[in-house]
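Work out the full structure: start from the sequences and follow the hints.
These protein sequence lines are chains A and B, in that order.
So the number in my numbering is just where the residue sits in the first sequence, counting from 1, plus 8.
So the number in my numbering is just where the residue sits in the second sequence, counting from 1, plus 1.
Bear in mind the hints are in silico, worked out from the structure with no lab data behind them.
Model, not experiment: these values are computed from the prediction.
Be careful, since some hints might not be right.
[Unchecked claim] With beta-carbon atoms standing in for the labels, derived distance ranges:
1) A:Leu348 x B:Gly38: 55 to 65 Å
2) B:Trp88 x A:Leu214: 37 to 47 Å
3) B:Glu255 x A:Glu89: 26 to 36 Å
4) B:His11 x A:Val122: 51 to 61 Å
5) B:Trp88 x A:Val22: 19 to 29 Å
6) A:Trp268 x B:Gln240: 55 to 65 Å
7) A:Leu364 x B:Leu74: 34 to 44 Å
8) A:Ile221 x B:Tyr12: 20 to 30 Å
9) A:Trp268 x B:Arg119: 51 to 61 Å
10) B:His11 x A:Trp268: 28 to 38 Å
11) A:Leu24 x B:Asp235: 44 to 54 Å
12) A:Leu348 x B:Thr139: 27 to 37 Å
13) B:Phe114 x A:Trp268: 50 to 60 Å
14) A:Val122 x B:Asn37: 54 to 64 Å
By construction, the Cβ of each residue, glycine as well, lies at the ideal position given by its N, Cα and C atoms.
Each chain, letter by letter, is given below.
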Amino acid sequence: MSDWYRRSLPSRRVQLAFLLLIIGIDVVVAAVWLSIRIAWGAEAARVGTDFLIAISGILSTLSAPLLAVCRAERYPAGGSEYAGFLAGSPWTEAAATPFGPWHPVRKDVGILGVLGLLAASHLGLFLWLNTPDFIISAQPLFLPAVITATFLLPFVVFVLSWAVCGYVRVAIGWRHSILIPALTLGMLLHVGREIGALAVIPLAALTAIAGSIAVYRRMKSQLSQIPLVPTAVPSSDRSGRLSHANRQLCPGVPETFGTWLLDRMSGVSLLLSVVAGTLFAVPAWQRDTLIVLPLFVSLYGLFFAGVHLEVCAPHLGLAARWSRKQLRIPGYDRAFAPILWLALSSMAVLVPGYGLEIPPRLTVGVTVAVAVWVSLVTRVEIAEWSLTAPARFLRRPEQRRPTRGGGGQATNAGQPAGYLSESSHT
Amino acid sequence: MISVTRVCHHYGLRPTLDDVSFNVEAGRTLAIVGPNGSGKTTLMELLAGLASPAEGQVTLNGIERRSTVDDELAIRRQTFFLPASSWFPRNITGRQMLMATGECWQISIRRCFEHIERLLTVFQLGDIADSDITGYSTGQRKKLSLCSALISECPILLLDEPFSGGLDPAGITALKQILQHLTSQEDRTVVLTSPVPELVEEVADEVLILQSGEIVEHAPVSELKDKTGAVSLDEALRQLIFPETQDELRHYFEQEMRS
Numbered sequence: 009m010s011d012w013y014r015r016s017l018p019s020r021r022v023q024l025a026f027l028l029l030i031i032g033i034d035v036v037v038a039a040v041w042l043s044i045r046i047a048w049g050a051e052a053a054r055v056g057t058d059f060l061i062a063i064s065g066i067l068s069t070l071s072a073p074l075l076a077v078c079r080a081e082r083y084p085a086g087g088s089e090y091a092g093f094l095a096g097s098p099w100t101e102a103a104a105t106p107f108g109p110w111h112p113v114r115k116d117v118g119i120l121g122v123l124g125l126l127a128a129s130h131l132g133l134f135l136w137l138n139t140p141d142f143i144i145s146a147q148p149l150f151l152p153a154v155i156t157a158t159f160l161l162p163f164v165v166f167v168l169s170w171a172v173c174g175y176v177r178v179a180i181g182w183r184h185s186i187l188i189p190a191l192t193l194g195m196l197l198h199v200g201r202e203i204g205a206l207a208v209i210p211l212a213a214l215t216a217i218a219g220s221i222a223v224y225r226r227m228k229s230q231l232s233q234i235p236l237v238p239t240a241v242p243s244s245d246r247s248g249r250l251s252h253a254n255r256q257l258c259p260g261v262p263e264t265f266g267t268w269l270l271d272r273m274s275g276v277s278l279l280l281s282v283v284a285g286t287l288f289a290v291p292a293w294q295r296d297t298l299i300v301l302p303l304f305v306s307l308y309g310l311f312f313a314g315v316h317l318e319v320c321a322p323h324l325g326l327a328a329r330w331s332r333k334q335l336r337i338p339g340y341d342r343a344f345a346p347i348l349w350l351a352l353s354s355m356a357v358l359v360p361g362y363g364l365e366i367p368p369r370l371t372v373g374v375t376v377a378v379a380v381w382v383s384l385v386t387r388v389e390i391a392e393w394s395l396t397a398p399a400r401f402l403r404r405p406e407q408r409r410p411t412r413g414g415g416g417q418a419t420n421a422g423q424p425a426g427y428l429s430e431s432s433h434t
Numbered sequence: 002m003i004s005v006t007r008v009c010h011h012y013g014l015r016p017t018l019d020d021v022s023f024n025v026e027a028g029r030t031l032a033i034v035g036p037n038g039s040g041k042t043t044l045m046e047l048l049a050g051l052a053s054p055a056e057g058q059v060t061l062n063g064i065e066r067r068s069t070v071d072d073e074l075a076i077r078r079q080t081f082f083l084p085a086s087s088w089f090p091r092n093i094t095g096r097q098m099l100m101a102t103g104e105c106w107q108i109s110i111r112r113c114f115e116h117i118e119r120l121l122t123v124f125q126l127g128d129i130a131d132s133d134i135t136g137y138s139t140g141q142r143k144k145l146s147l148c149s150a151l152i153s154e155c156p157i158l159l160l161d162e163p164f165s166g167g168l169d170p171a172g173i174t175a176l177k178q179i180l181q182h183l184t185s186q187e188d189r190t191v192v193l194t195s196p197v198p199e200l201v202e203e204v205a206d207e208v209l210i211l212q213s214g215e216i217v218e219h220a221p222v223s224e225l226k227d228k229t230g231a232v233s234l235d236e237a238l239r240q241l242i243f244p245e246t247q248d249e250l251r252h253y254f255e256q257e258m259r260s
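Put into structure tokens, the structure is as follows:
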């Protein structure tokens with residue numbers, strides 16, 4: 009157990025500092041509360057201590073993202089020295105990483121449970137000191153619901169932070185990704201203040217679970233490449249950059265503005281999501297304007313699909329399909345299904361929400377969460393797509409010429425040079 | 002057995018290795034020596050499979066390096082490459098690092114425990130074995146990296162400058178004797194590099210001299226000394242690689258005296 013702790017948790021100094029800070033503040037709170045109460049009475053004691061209790065509670069909740077960052081940092085990202093070490097050893101992704109886990113594990117429940125208990129007890133104390141009359145007169149389920157939600161908060165924050173850190177690590181290899189969960193947490197708190205803290209936790213939990221599943225799959229997939237790649241990767245190599253599977257399936261395409269855009273599509277998506285989320289969360293949106301959301305999602309999806317087709321596979325692009333009178337290529341278009349699902353799921357949430365007159369901000373929050381979930385989970389994995397799609401769309405390394413005697417492979421007449429035909433559907 | 006056949010390699014437009022071929026039999030120690038920038042580390046990286054040669058091939062125990070995934074993994078199970086400056090994980094103790102390394106090379110836990118204890122004692126790391134690696138000195142880190150190479154129990158050890166990096170005399174002696182034992186008693190193959198010939202004379206069975214990416218000489222130590230009439234490997238190498246050094250020194254001191 010102690011070995012696991014050392015491998016999985018932040019350094020002892022950081023652990024000790026956090027623990028001492030939380031306990032220290034609690035001791036100070038108790039001492040201040042007792043002395044003020046003796047000297048000036050109960051009301052004065054409440055005013056003097058609630059701020060310190062809040063600080064202590066926030067600290068115990070913030071330990072969860074710290075743990076998540078620490079865990080994500082143990083991921084042997086491509087090009088790192090850790091990946092180099094593994095690539096020189098007989099390690100394969102079937103075995104655990106030798107210097108500790110990089111993903112959430114069952115033992116985390118214990119630590120997060122303690123953090124949850126700390127946070128919940130602080131909240132209970134805060135409420136008791138601040139609004140004892142309200143608690144007594146409130147609905148019977150109010151206090152248990154609030155305490156349970158607060159207890160679960162470290163779990164949600166941990167998984168969400170890990171997913172975000174993991175995504176950033178595989179996307180751009182940025183080790184100091186702690187700022188991202190901090191930003192996300194800030195946004196959640198902001199939105200939470202608007203629509204109620206209790207509503208934010210299930211939304212965040214949904215996003216965290218979906219995101220972490222998708223990120224785990226992506227990280228695991230990248231990990232499987234470590235034994236295969238040479239470790240002496242030049243610093244200019246950009247293969248570690250996360251781009252859409254479509255871009256990875258068309259190597260050898262000359263660098264153009266289109267490929268530049270495709271390489272950064274994940275980052276662009278993230279940025280647009282943040283901008284869209286802020287736009288929908290901050291101003292006072294009316295119910296009539298909600299229809300903009302699925303429209304925005306659909307247009308973005310169409311733009312993305314169009315850029316991909318014209319850049320990577322012009323022979324399967326819209327113009328080529330129109331000329332061949334074949335608009336649908338199921339095997340190939342399978343990769344674009346998430347875009348359709350995204351638009352449909354957005355509509356599926358928005359329309360009932362609109363009809364039932366649910367508060368717009370709550371409807372938008374749920375729509376964003378569902379859209380994120382759908383886009384992350386329904387995505388086609390590159391390995392599956394490249395191995396099972398009936399279409400042959402990989403670029404040929406070099407054009408073969410027919411050999412004498414007719415035994416050679418003929419070039420594909422009518423296709424742009426360098427591409428194989430889309431065999432099953434043409 | 003290690004076999005290098007007509008290997009050429011270059012970084013950009015600068016050739017680093019040119020038509021390098023040699024064999025190392027099992028149970029032998031080959032020391033690759035040469036001046037700075039002669040291509041020693043590049044050759045070690047090719048042997049370790051960290052890069053593929055631009056031309057030629059590297060074969061270890063009959064399997065070509067970087068040919069197929071299964072073959073490459075089979076080679077990695079038999080090989081440990083220790084770079085000149087090793088990577089160390091954070092927030093972990095020396096003992097844990099050695100345990101994890103042993104697990105990577107599929108050494109049984111019981112054997113790991115026992116072997117680690119002996120290695121830590123030999124390299125005088127016992128007192129700090131359970132401390133975080135970040136607190137280790139440069140020499141202690143070097144000793145730990147050498148221990149990790151030895152804990153893997155690989156039949157082929159590729160050690161890039163194992164005697165450099167702050168290793169103290171006790172560590173140098175321990176490493177020399179352990180390497181001699183591994184080759185003579187356990188039939189393991191060791192390839193190591195060093196810019197300082199005195200350090201490898203005791204352990205090396207053969208010496209390969211590299212200069213500007215080409216092999217100047219590849220012969221047993223005794224043969225090399227006989228050939229040059231030198232009493233030590235250091236002197237033999239000076240004659241083969243740096244024949245002009247003595248003249249340049251003489252000229253330097255003459256100028257110094259005049260001024």
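Hints, one by one, checked against the model:
1. For the pair Leu348 of chain A and Gly38 of chain B, the supplied restraint of 55 to 65 Å holds, since their beta-carbon distance comes to about 58 Å.
2. The supplied range of 37 to 47 Å is met by Trp88 of chain B and Leu214 of chain A, whose beta-carbon atoms lie about 39 Å from each other.
3. Between Glu255 of chain B and Glu89 of chain A the CB atoms are about 49 Å apart, so this pair departs from the stated range of 26 to 36 Å.
4. Range check, His11 of chain B to Val122 of chain A: Cβ separation about 57 Å, and the 51 to 61 Å hint holds.
5. At roughly 22 Å, the beta-carbon separation of Trp88 of chain B and Val22 of chain A lies within the given 19 to 29 Å, and the hint holds.
6. A hinted range of 55 to 65 Å holds for the C-beta pair Trp268 of chain A and Gln240 of chain B, which are about 57 Å apart.
7. One distance hint, 34 to 44 Å for the beta-carbon pair Leu364 of chain A and Leu74 of chain B, is violated here, with the actual separation near 58 Å.
8. The beta-carbon spacing between Ile221 of chain A and Tyr12 of chain B, approximately 42 Å, falls outside the hinted interval of 20 to 30 Å.
9. At roughly 56 Å, the beta-carbon separation of Trp268 of chain A and Arg119 of chain B lies within the given 51 to 61 Å, and the hint holds.
10. Our hint of 28 to 38 Å for His11 of chain B and Trp268 of chain A holds, since their Cβ atoms are close to 30 Å apart.
11. With their beta carbons about 52 Å apart, Leu24 of chain A and Asp235 of chain B fall inside the hinted range of 44 to 54 Å.
12. Under the hint 27 to 37 Å, the C-beta atoms of Leu348 of chain A and Thr139 of chain B, about 59 Å apart, miss the expected range.
13. Remark: the range hint 50 to 60 Å for Phe114 of chain B to Trp268 of chain A is upheld by a beta-carbon distance near 53 Å.
14. With their beta carbons about 55 Å apart, Val122 of chain A and Asn37 of chain B fall inside the hinted range of 54 to 64 Å.
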